[in-house]
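Peer 1: We have chain A already, so just place chain B on it with the hints.
If you're matching them up, the sequences are chains A and B in order.
So the first sequence is residues 642 to 795, counted in our numbering.
So the second sequence is residues 644 to 1205, counted in our numbering.
Calculated from the structure, these hints are not laboratory results.
Take these hints with a grain of salt, some might be off.
Here are some chain A residues pointing at chain B (derived, C-beta under 8 Å) [stated by the list, open to error]:
(1) Y677
(2) I737
(3) S743
(4) L751
(5) D752
(6) E767
(7) T772
From the three backbone atoms N, C-alpha and C, an ideal C-beta is built for every residue, glycine too.
One letter stands for each residue in the lines below.
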Amino acid sequence: MTATADERADVLHKAGLDGQNRTALGRMLGTGDVGYAEEGADGIMRAEVRIPEDQLIFSPSIIVFPHGGDIELTIINDDKNTHCALLPHNGDPKIIWLVNHSKGTARLNLDGPGAYWYGSTTGNDEGRGLTAALVMGGEVPDSAKLDRPPQPRP
Amino acid sequence: MTDYVDAGEAVAHRTLSNVKGEAPATRNVDYDRIQGARSEPENWLTYYGTYDGQRYSTLNQITKDNVRKLTPAWVFQAGSTGMHSGASTYSFEATPLVVDGVMYVSGPDGKVWAIDPKTGDELWRYKHASPFDTSLCCGNVNRGVAVGHGKVYMYTLNAHLIALDATTGEKVWDTTNGDVRAGESGSAAPLIVKDMVVVGSAGGEFGVRGHLDAFDAQTGERRWRCYTVPKPGEPGSETWPDDGEAWQRGGANCWITPTYDPELELLFQGTGNPAPDFDGGVREGDNLYTDSTVAIDVNTGEIRWHYQFTPHDLWDYDSTMENVLFDAPDGRKLLAHADKNGYFFVIDRTNGELVRVFPFVDRITWGEITPDGKVTPKIYPDEEGVPVHFWPGPAGGKEWTHMSYNPETGLIYIPVQEVGATATRRRREFKESIPYWGAGVAVDLDDHYGFVSAVDPLTGEEKWRWNHEYPMCASNVTTAGGLVFQGTPSGEFVALDATTGEKLWQFQCGSGHHSSPITFEVDGRQYVAVPTGWGGWVEGFLPGLLGAAAGDALFCFALPED
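Same shape as in the complex, but just chain A (with noise of 0.2 Å):
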């Protein structure tokens, strides 16, 4: 797994958004690293995420994998404090709670293509930073596309 940083982190810094307690309490909704899942030979997409000390993040913050289907997220709280992960999952959402410096698995299944949010829902979590996407790529099978000649996208 990979991260990806530019310019627009200076951006984020420069404005106090990527951290604690500096220009707001929390990271914004949708800041942050972006990181990539790897396919096994089992067709099962895996990734990390770390929720780093005093940051009230998810890191990477956005996490994209190739296309829909199973997942197996490894999530290590690195934090000095307790938090937790609810996860979107096809069936139930899937809840996970990480006390002070642990490590735990999530597995999940989910549609391709599709952007989905989570977040730790524990004394506002969520409001002050640790919020994350897991971003499915890809595109729906043949069989449920249009018939009709390509057409222009964005």
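Peer 2: Frame of chain A; chain B shown alone:
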């Protein structure tokens, strides 16, 4: 630093609740049983209660005389946890179904529940993860499920038709039926016919090509697809520009459940607006089969006949709403349709011939339809950048919410919206998934009202009217107890005398109604159930209440047990 504490594996959220996890097995619901649904009024087996769409129940324990004693038996709070799609358009729009003592109902954001209809206890739940980036014109809503063949069927926001085990809620199969990257989505309740499940597309505000599909109920394999905009060379294609691409983005979506005549083996599907909604300059012609009722052969998916209510629509006058089937005293097989354009149509359902048309709203300025069906547009967005005001607004004199027909009174009860709008044409190029309206639209913030209109479909005469300060934005249901139940935008759920329109009872549910009530019976006790929760396309049908209290509770009423 020490090793990490083992946080284990994430668990389903429902495991940390009092949900039972399983519903009692019911008798199988199949095609024969749904055809005879009227003979088992204790249940509400299919979307409209019966295939004919009448939304009429022969239950008569709750009557004009005792309805004033009606009281809540239980309340089911749907609720939401964490982040969810469409938070600003959250609305509980569904029709609950009841089968042999189990209620099945869908909610916002991909949720389905099995509920004990006597107690309100949650038996099982399923939630389909709904991508936040699905193009939804009108909310994160779902209008209901189909139950049969041991399964519960739902069409998800991201256009997957899924089948769940009716006793556990576990997914059995999942068929992707729409292209979210093209702006397609799903919101309609599926319909079981024969050994198939039928469901239609949504996405008319994003320039998709509408369709109705039938699937094998056991496997999810598609049996047929009927496109409601023809390709060049197909019947109806002459109503589109022959040198353009307009048909490819033509709209005519099927986002409301069809009615069905088992003798004729025809589905009666209403179709949506053409795209772009308000800019007709890029799609000269009548634009078939937009704004129409199409009669579709259930065995083949072929269109047998059509009737178009608003040719070359320039006002967003979808005709997706229901086609109620009833027979005239002389046995003629008829179909009733109250259109967004403010006119009520009675049609011979064997051949699509117009029998009668008359206005059912007070204010119609967009155009005129003569008694013989001739359509003359009068006011429409034509010049770029010039605002045009018209009635009814794009939500229509009646939106998708359903009227009901009571065979005992011979009346149809129409929930009417009186609200206009201003559209200013703004041409834009088409791009997949981007709103494709061709205008800026502002619906009137005031100068609105509504009523329930009791109309004799055989004469067009309005027998009574129950007035309300707000447009009626919810379905109603009528019973052999001589009652009509109607929810209002301001939260009241009322019982009206089906013969006179007199209000006999009301209960304030705390949030506006934009759903479809039902009635059923368990252990000899009649109940009336209604989902509440103001939301959805409020900016379209009643922006004057855009800030009204939201909610997502299912209320169930009954007479006191003693």
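Peer 1: Compare the structure with each hint and give your call.
Peer 2: Taking the hints in turn, this is what the structure says about them:
1. Y677: With Cβ-Cβ at 18 Å, over 8 Å, it is violated.
2. I737: holds (4 Å)
3. S743: holds (4 Å)
4. L751: Holds, about 5 Å.
5. D752: D752(A) check passes; min Cβ-Cβ to chain B is 6 Å, inside 8 Å.
6. E767: Nearest chain B Cβ about 7 Å off; hint holds.
7. T772: Given a least distance of 7 Å, the restraint on T772(A) holds.
When held up to the earlier numbered hints, the structure conflicts with hint 1 and nothing else.
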